[in-house]
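Asker: If you want the building blocks of each chain, they are given just below.
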Amino acid sequence: MEKFAQQIVNGLSQGSIYALIALGYTMVYGIVKLINFAHGDIYMIGAYVGFAVTTFTRFGHSRFGFIAALVIAMVACAVLGVCIERIAYKPLRNSSRIAVLITAIGVSLFLDYTLMYFVGAGTRSYPPGVLSDRSFTVGGVVIKYQQVIVVLVSIALMILLQFIVKKTKQGKAMRAVSFDKEAAQLMGINVDRTISFTFLLGSALAGAAGVMVGIYFNSIDPLMGMMPGLKAFVAAVFGGIGSIPGAMVGGLSIGVIETLVAGYGGSLYRDAAVFAILILVLIIKPTGLMGKSTGSKV
Amino acid sequence: MYRKFGAVALALVLVLSLALAGCSLKKNDNTSNTTSSSGGTIKIGANYELSGAVATYGSDSLKGFKMAIDEINKSGGVLGKQIEVIQKDNKSDAATATSAQQALMSQGIVLSVGPATSGNFRAVIPVAESSKIPVISSSATADNDITVDAKTNQVRQFVFRTCFTDSFQGAVMANYASQKLNGKTAVIYADNSSDYAKGLAANFKKQFTANGGTIVSEDAYVAGDKDFSAALTAMKAKQFDVMFVPGYYQEAGLIIKQARELGIKQPILGADGFDSPDLTSIAGASNVNDVYFSNHYSSLDQAPAVQDFIKAYKALNNNEEPNAFVAMGYDLGKYVADAITRANSTDPVKIADALASTKSFTGATGTFSVGADHNVIKSAVVIKMTDGKQASAEQMKM
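Heads up: the sequence lines are chains X and A, in that order. Just so we're aligned, residue 1 is where the first sequence starts under my numbering, counting upward by one. Just so we're aligned, residue 1 is where the second sequence starts under my numbering, counting upward by one.
Keep in mind that a hint or two might mislead.
What the hints assert, rightly or not - In the BS3-like style, the derived pairs of lysine-lysine whose C-alpha atoms are separated by at most 27 Å in a straight line are: (1) A:LYS184 to X:LYS3; (2) A:LYS198 to A:LYS238; (3) A:LYS311 to A:LYS180; (4) A:LYS265 to A:LYS238; (5) A:LYS378 to A:LYS389; (6) A:LYS74 to A:LYS198; (7) X:LYS3 to A:LYS265; (8) X:LYS3 to A:LYS236; (9) A:LYS184 to A:LYS206; (10) A:LYS184 to A:LYS238; (11) X:LYS3 to A:LYS238; (12) A:LYS236 to A:LYS205.
Since the hints were made in silico from the structure, they are not lab data. Just so we're clear, the structure is a prediction, and the values are computed from it rather than from any experiment.
When you get a sec, could you build the whole thing from the sequences and use the hints?
Answerer: So, in structure tokens, the structure goes:
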């Protein structure tokens, strides 16, 4: 029982990271029907920005190192996300979806290997002490402060996101564009700006996830975004692509499922289990747990 | 619409995973083999991992090798000639290593050193055998198919190495666990994506069981994983004395960190893949306690050959401590110079004979002799880490 509870704790902290990344996938899909495969690499850039802030600036050694890294990485990733959208995806707005998808893969590889050129392929680690690495024990279950912070920050960001989407004018515009792009445009909504805003939000969340992973695992490398990116994509599909609560639930579920698979004898089947879920969801219920089942638009 | 989306998504995931698996360059430099040494220099090829995933292994080995060659050249070279090193970067990729080796063989070299890892070294072996020019690695520790052809069981005439093998390291660590740490039970958590780690795990298990110990649990991970807490939580629930983690420092650092944070206090053992300052920076110095690993050399060794080498290296490199790869590269330089001198010729076949007949050669990584199977006979050093630093070193013989 103790062991099981420990595995759940492990899984939830991993799952919150997937959830943060999955939100970006799902929002972008909801708005422009594009699987942004460069999303995992924005998460990786976030980890590197956080690394640079904590290692090379005064902030890194102050008490606000974590907050500074988080905020600067989120801003940097938001800007990067908007630039990618403007440069790579906007010119293809009226092209076939497969063209945009392939462009997204191109952007992903471009980000990975450009960064590798500048910082090298080796792993790097955050300076010690950015966040306390102490832990406490509850009934035999070891919980790290870092895990608590990862989960709390993720929840806070998700609540903030829900607030933006549900309560602000910009969020209303997002929902309108997602519902019907042409009609929204006719109602006077600036569609381009709304799409940029969506990329901004999604990329900022990925940047936050990158910093938290960098601190939590203390090991970053230029290809770190590929696997979590794919898994977050699975999480988004599992939860129902296009649905924001679905991405959160999907992310946490995938985190817990893969931890349980690894913890009960299937270490090597962990990744396979996650992708098996993708296949099963696509076969059995392509709309995912919380996706709206709309008929195809003709 | 969803059906279409599903098909596209599936296809993309498949394509991406293929792309991840097979990022390799293929280049074919077909070359003829000429073997004569021209002009006033003796040319030696160096095919190393200077960029890519294991760039530190290759560049450190080459650094040590060149340091030795510089020393030899300063004191007059060999056979009255200076040695010229022609280097190529194999980008940590086996296919590139093969093509780089083919390019080197056509440049009039008498022998070639590197690559540093077993997989890449294997990729140059066919080139060496067909062009009849010796290749020597100072760190290709894989058991199978290096100096002895796995298919024919023939010793390869032109293939040498100056390091011990994985089976030796696995057995040494098993003996260390049972004799020095009084371990009766062990868990193994191995990297399943490298032959290196699988070989270590198999040989640790064999020797530890032969010593009367029991392996209570075996689990595996894949290089590139970051979260090991699930498997470690499962292991924590078992009773064991020592934990053996065959693998490389990127993952081992994370495993040590996560194990200590979960409250696993038992000694953690590994092999030369732990040898990197990054192990401590990833794991955090306070977590690297009671960690032991076998290595080729330790800077704590007080033998004069070792201390002289460390002094010379520090003078050249801003007081930086040389790691084992540098030390092995250095010994490799001295070893090949010694062989060329004894061969008294630049004929690659005669040099191969001299390499094979080396006895009691002493360098910074200890004294070794070359056995009939072209594997060297030498002892390992087991290093104990305390607070992230090397605290003590002990020689282990089999």
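Asker: Which numbered conditions among the earlier hints are violated in the structure presented, ordered from lowest to highest?
Answerer: Failing hints, ascending: 3 and 6.
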